[in-house]
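Asks: With the hints as a guide, dock the two chains, each given alone in a separate frame, to form the complex.
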Amino acid sequence: MNKMIEVKNLTKIYGKKDNKFTALNDVSLKIKSNSTVSIIGKSGSGKSTLMHIMSGLDEPTSGSVVIADKNIFEMSERKIDSFRANEMSFVFQSFFIEANATCLQNVMLPLEIARVSITKRKKLALDALRAVELEDKANVKAGTLSGGQKQRLAVARAIVNKPSILFADEPTGNLDSVTGDKIMNLIFSLNKKLGCTVILVTHDNDLAKQTDMRIRLKDGKIESIDEGKK
Amino acid sequence: MFYLDIIKRALRNLLSSKARTILTALAIAVGTFALTLTLGASNGAQDYAQNIVKTNFDPSELFVSKDSGLFKSQDASTPQLYDPSYGSVTTFGGQTRQIKMLDNSDIQKLAQIKGVSWAQPSINVSLQYLTRDDSNKYIGTLTTYNPYQNPTLLAGKIPSQLQDNTLILPEGYLSALGFLNAQSAINQTVKLSVLNQGASNIIPGATKSQVSNFKIIAVYKTPNTAISAATSLNLYASLGSVENLNNFIYQGTSNYQKYLEAVVKVTDGTNATKLNDVENLIKAQGYGVQSVVDTEKTITQIISVIEGIVTVFGIIAIIASVFGVVNTMYISVLQRTREIGLMKALGMHRKDISRLFRIEAGLIGLLGGLIGSILAIIGGTALNPVISSKLGLGDSKLLIFKFSQVGLLIIALIIIGIIAGLLPARKAAHLDPIEALRTE
Ligand SMILES: Nc1ncnc2c1ncn2[C@@H]1O[C@H](COP(=O)(O)OP(=O)(O)O)[C@@H](O)[C@H]1O
Ligand SMILES: [Mg+2]
Numbered sequence: 001m002n003k004m005i006e007v008k009n010l011t012k013i014y015g016k017k018d019n020k021f022t023a024l025n026d027v028s029l030k031i032k033s034n035s036t037v038s039i040i041g042k043s044g045s046g047k048s049t050l051m052h053i054m055s056g057l058d059e060p061t062s063g064s065v066v067i068a069d070k071n072i073f074e075m076s077e078r079k080i081d082s083f084r085a086n087e088m089s090f091v092f093q094s095f096f097i098e099a100n101a102t103c104l105q106n107v108m109l110p111l112e113i114a115r116v117s118i119t120k121r122k123k124l125a126l127d128a129l130r131a132v133e134l135e136d137k138a139n140v141k142a143g144t145l146s147g148g149q150k151q152r153l154a155v156a157r158a159i160v161n162k163p164s165i166l167f168a169d170e171p172t173g174n175l176d177s178v179t180g181d182k183i184m185n186l187i188f189s190l191n192k193k194l195g196c197t198v199i200l201v202t203h204d205n206d207l208a209k210q211t212d213m214r215i216r217l218k219d220g221k222i223e224s225i226d227e228g229k230k
Numbered sequence: 001m002f003y004l005d006i007i008k009r010a011l012r013n014l015l016s017s018k019a020r021t022i023l024t025a026l027a028i029a030v031g032t033f034a035l036t037l038t039l040g041a042s043n044g045a046q047d048y049a050q051n052i053v054k055t056n057f058d059p060s061e062l063f064v065s066k067d068s069g070l071f072k073s074q075d076a077s078t079p080q081l082y083d084p085s086y087g088s089v090t091t092f093g094g095q096t097r098q099i100k101m102l103d104n105s106d107i108q109k110l111a112q113i114k115g116v117s118w119a120q121p122s123i124n125v126s127l128q129y130l131t132r133d134d135s136n137k138y139i140g141t142l143t144t145y146n147p148y149q150n151p152t153l154l155a156g157k158i159p160s161q162l163q164d165n166t167l168i169l170p171e172g173y174l175s176a177l178g179f180l181n182a183q184s185a186i187n188q189t190v191k192l193s194v195l196n197q198g199a200s201n202i203i204p205g206a207t208k209s210q211v212s213n214f215k216i217i218a219v220y221k222t223p224n225t226a227i228s229a230a231t232s233l234n235l236y237a238s239l240g241s242v243e244n245l246n247n248f249i250y251q252g253t254s255n256y257q258k259y260l261e262a263v264v265k266v267t268d269g270t271n272a273t274k275l276n277d278v279e280n281l282i283k284a285q286g287y288g289v290q291s292v293v294d295t296e297k298t299i300t301q302i303i304s305v306i307e308g309i310v311t312v313f314g315i316i317a318i319i320a321s322v323f324g325v326v327n328t329m330y331i332s333v334l335q336r337t338r339e340i341g342l343m344k345a346l347g348m349h350r351k352d353i354s355r356l357f358r359i360e361a362g363l364i365g366l367l368g369g370l371i372g373s374i375l376a377i378i379g380g381t382a383l384n385p386v387i388s389s390k391l392g393l394g395d396s397k398l399l400i401f402k403f404s405q406v407g408l409l410i411i412a413l414i415i416i417g418i419i420a421g422l423l424p425a426r427k428a429a430h431l432d433p434i435e436a437l438r439t440e
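Taken in sequence, the protein lines are chains A and B.
So that you can map any letter, position 195 of the first sequence is 195 in the working numbering, and since no number is skipped, the others follow by simple counting.
So that you can map any letter, position 40 of the second sequence is 40 in the working numbering, and since no number is skipped, the others follow by simple counting.
In isolation and in its complexed conformation, chain B is listed as follows (with noise of 0.2 Å):
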C-alpha cells in the first residue's frame, strides 16, 4: 500500500468513530495545554527579565567590588572568621558577614585600567527625612542619577550635566509632598536630612543631622520595569550630592569613605570581547565583578528552573495520557480483527498493517497536541491583558507564545502517539487472519 493510502485510510477509521478518537486526544490535550501555557508564561517571564535589566542597567556598564567573593554565593553554615582589615560586619544577602570595602584609591585604581572610560562608587543613601516645609516627612533613598536610565519625564529637563543639589523626583512622592501635579514641582525646594552615624556611636542619645535645599528639576514616571515596587521611589541627584550626603552619614567611621560596589564604564563596552577584557583586567587585580550579562544570567537561571519544575509535571500529563492512546488502540485492534483479517487475505503485508495502526497513533498525538495548544494559545491570548494589568507589567505580556515551540511540541506529540501505538500495532500485524474472518 502506499504511505498516502494509509494515511487515508487511517483518517477514515479515526473519523468513523469519533467520539472515542476526540476522548483519547483530549486526555492528551490537557497536557499539551499545561506545556504550551509553561512555555508561554517562561518565554514571557524571560522577555520581562531581559526588559528589566535592559532598562535598569546599562550593559557596558560593570558592578566592581573590593570582596572577590562579593558576586558568589557563600558558605553560611560555618562562622566566618574576623579579620581586622576588613571593614565593619553587614548583613547582606540575608548573610552575616565582613565584606571588604572599595576605598577612593581603589576608584582611581579602576578608572586607570586600559579600556576604562569611567569609574564611580555606586551609593545608595538611606535619608533620614525628605520634607517641605509645610508637609510630613517621609524616608527615602537618594542614588546617583545615570543617564542610561533614561526614565519618562512627566515634566521638567534633565540636563546632560546634572548640577549639585538638584533632585529628580518620582511620581510617588508628589502628592505626598503636597504637589498638586509634576509641573507644579518643578524648581521647588524640598530638604533632604542625613542622619550621622558617628556621632550616635560615640556619645549614645546624642544625634547630628544634616539637612540641605535640593531643587527639583524633574518628575518621572514610575516604570513598570522597576526592579522592585521600592525602586520606583528612588530619588535621583548628581554623584557629588550623593557623596556630600553619603560622607556626612559615615564620617567618625570605619565605613567613611568606603564602598561595597563601585560602577565601571566600559569604552565600547556593547561590545562583548572589550567588555570581557575589562572584566579580566579588573579580575586580575583581585577584585570581584559582575556584568549585566551576568546579572540577567542568575535571574534567568531561577526562571529556569522554575520553568523546568512545571514542565516535568506537563510531561507526567502526557505520559498518562499516553496509556489512554494505548488502550483506545488496543480496543480499536479488538474490535477491528474483521477488518484486518480481511486486509490480509486481500495481500496486504504485516508492515503496512503495523504501519496503518501507528499512523492512527500518531494522528490521536497530532490531534491531542492541536487541540490542547490552540487552546491554550487562545486562552492565554485572551487572558494577557488582564495578567499584565494585575500583576502591573504594563506593555510586557506574560504569556509568550513561540510557534517554534508549539510545533516542536506538537511533533513531539505525534512522535510520543506513534511510540503509544506500537504494541496495539504490533498486535494488529500478528493477527492470525483466519481466526480473524472465522469471527461469525
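So here's chain A without its partners, still in its complex pose (with noise of 0.2 Å):
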C-alpha cells in the first residue's frame, strides 16, 4: 500500500493573544512511502512539534496531514489510536522504556495494544529482539540496561509491530557518538528490511546526509528541502 504522507499548510500556534507563540508556521511537504527523511534544525525549530503532529499525537491549528489518501485530523480519536497502534511507531531520544517491567515485556506492549493474540505475541516480540541483538536478555528487567541497549530496546519495540511509518526523534542525543551510530545504522537496515517509511528529527548534519530527503526548519518555517543522499 501506498503510506504517502502530505502535509499541507500546518500551523501550530500555541498561547492565546499576547502570549502567542507560532511554532509552525504554514508547512507543506510531502514524503514518499518507503523513504528515510530528517528533519532538521536547532533547537526550538519546531521539528517535535512538526513530527508530534504527523504522527496525531498533536493536533494543528490548521492545516492537514494526508496519509494514504486519509485526513488523519478527520478520523475519530479511537480510529487515530488504532491507526498508531498498527502503522506508526516511535523511538524518543530519552528511550521511554519501562525498567521495571523485563525487556520482552516491554516489546510485547505495543503488540498488546494492537491486541495481537497471545499466541503470536511472544513469538514476534522475540524475533525483534533479535534483530536488535537482544536476545539473550528477554527476561532481564530493562531498567538494568545500559543507554545503548536501552535505544535498542526501543527500536525493537518500535519495529515489533511491522510499523509502515517509524519516527525517531533524536534517538541518538542521549548516546555517544559510537552507539549512536550504531542504532542509526539499525534503524537505515531495518529501512531497507522492512521497508518501513523512517522520519528522522535531528540536528546532526552528518546524520541527515545519509537519509534520502532533508526537511530544514527554521523559527517554525521550511527553510529548505533538499533530496538525494550525500
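DSBU-like cross-link-like pairs, simulated, lysine-lysine; straight-line CA separation at most 35 Å: (1) B:Lys427 with A:Lys8; (2) B:Lys54 with B:Lys109; (3) B:Lys427 with A:Lys20.
No lab work stands behind these hints: they were computed from the structure.
Values in this document were obtained by computation on a predicted structure and should not be read as measured data.
Replies: As C-alpha cells, this is what we get:
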C-alpha cells in the first residue's frame, strides 16, 4: 500500500493573545513511502512539534496531514489510536522504556495495544529482540540495561508491530557517537529490511546526509527541502 | 488492549510499588477487619438468641394474656386511668400498670378453641424459702415443668406424668442444701414454704405460711442457654403442685386464681399456618397473643439495631480509607505520566488507560478486603473458645463467619476501590501525551 505522507499548510500556534507563539508556520511537504527523511533545525525550530502532528499525537491549529489518502484529523480519536497502534511507531531521545518490566514485556506492549493474539506475541517480540541483538536479555528487567541497550530495546519495540512509519526524535541525542552510529545503522537497515518510512528528527547534519530527503526548519518555517543522499 | 492484558499490567504496576500498595490496602483492611468482626458477632448473637429461644420455648406454644396490650409497648408518659374491673396495680416491664388478668374460665375458653391441644396458666411461684431440716433457708422460684425443655439430668429420672409434690432440682442448689452430689439428692425431701399475702394485708404483722414436703426425683445440669442466670435456678414441679402453692399465696386477695399469662399448646403447632390460625382465633376473642417467633423477633430486632450501629462505624472507616486510595492513585498518575504518554503514543485508547487505573484501584480494594477479612477470621476463630468460656456461652460461638457475607463484603470493597479510582483514572485518560513525553 502506498503510505505517502502529505502535509498541507500546517500551522501550530501555542498560547493565546499576548502569549501567542507560532511553532509551525504554513508548513507543506510530501514524503514518499519507504523513504528515509530527516527533519533538521536548531533547537526550538519546531521539529518535534511537526513530528507530533504528523503522527496524530498533537493537533494543528490549521492545515492537514494526509496519510494514504486520509486526513488523519478527520478520523475519530479511536481510529487515530488504532492507526498509530498498527501503522506507526516511535523512538525517543530519552528511550521511554518501562524500567520495572522485562525487555520482553517492553517489546510486547505495542502488540498488546494492537490486540495481537497472545500466542503470536511472544514470537514476534523475540524476533524483534533478535533483530537488535538483545535476545539474551529477554527476561532481564529493562532498568538494568546500559544506555545503548535501552535504545536498542526501544528500537525493538518500535519494529515489533511492523509499522509503515517509524518516527525517531533525536534517537542518538543521549548516546555517545559510537553507540549512536550503531543505533542509526540499525534503523537504516530496518528501513531496507521492513520497507518502512523513517522520519528522523535530528540536529546532526552528518546524520541527515545519510537520509533520502532533508527538511530544514527555521523558526517554524521550512527553510529548505533537498532530496538525494550525499 | 484485551481486558486480561490490562489486568496483568495493573497487577505488575501494583507489585512494582509494593510498599505503597500494601499501605493503602491496610487502611481499607482496618475497616474491613471491623466490619467482618461485626458481621461475625451479629451472626453469633442471632444464632445464640435462636438457640436460647429454641431450647427454652416450645415453638408450638402460644403465650396468651387477657390484656391485649400486654405484649405491646405502652405509652408510659401519661398515667393510666383506674379501672375497677381490672386486677390490682402491678409493675410490669418497669411500668406501673393495671393489667387485666386471666381467670380459670378464660383458661377453659382457650382450651376449647379449635386447634388447641391444651391450655394452662403460666405460674411462677416465689417461695418464701426452701430448706432441708439441717440446712439454711434459701429463697427460690417454683415453676411448672414443661417436657419441651428436656433438661440434661445429672441424676434421677423424669416420668412422663409428673406426680404432685415431686421436685426437679437445679444443680445450683445441691451444695447449698448440703448434698454431696446429685445422686445423693434423689428421693430426699425438701421443704417449700409459701407466704399468704391475704393474711398479711388484712392483719398487719400477722403472717400465715404453709410448708409442704417435696421429694427430689431428678437433678438437672445448669444449661448454658438459660435465659438468665436466675432462670438456671428454677425449681420444677407439676402444674397441680404449682397451682396449690400459688392458690395458697393469693387466697383472700383480688389476684386469687388470676393469671398474667397462659400457655396454649397448639396441635401440630410447628406448622406455621396452623399456629397462625389459632393465634388469630385467640386474638379474635380479645386476648393478647405472642408466639415464640414473636419473642425471637423481639430479640433479633435488638441485635439488628446494635449491628446496624457498629456497621455504620465500619462503613465510616472504609469511607475514610477511600480517600487514601484516591490520593494514592493520584500520586500514581503523576508519577507515571511518561508511561501514560508512551501508551498513548503507541495507540492505547483513552478508555483502556482509564480502565487500567480503575482496575488498579479495584485491586487495592480487593487486597484490603482480603487482608482485613482474613485477619478477622483468623483472629476471631482463634479467640472464639476464649470468648465463649469468658461469657459462659458453652458450646456456642460468639463469632460466626459466613463466606457468602465475607464474599459480598469483598466484592463491595472492589467496587468501592473502583469508584475511588474514577477521578484519578479520568485524569490519566485525559493526560496530553505530548506533555507527558516532553518531561525530561
Ligand atoms: N506546549 C507548548 N506551549 C508553548 N510553547 C511550546 C509548547 N510546546 C513547544 N513550544 C515551543 O515551540 C517551539 C518548538 O518546539 P519543538 O517542536 O519542541 O522544537 P524542537 O523539537 O525543534 O527543539 C519551541 O520554542 C517551544 O518552546
Ligand atoms: Mg525536540
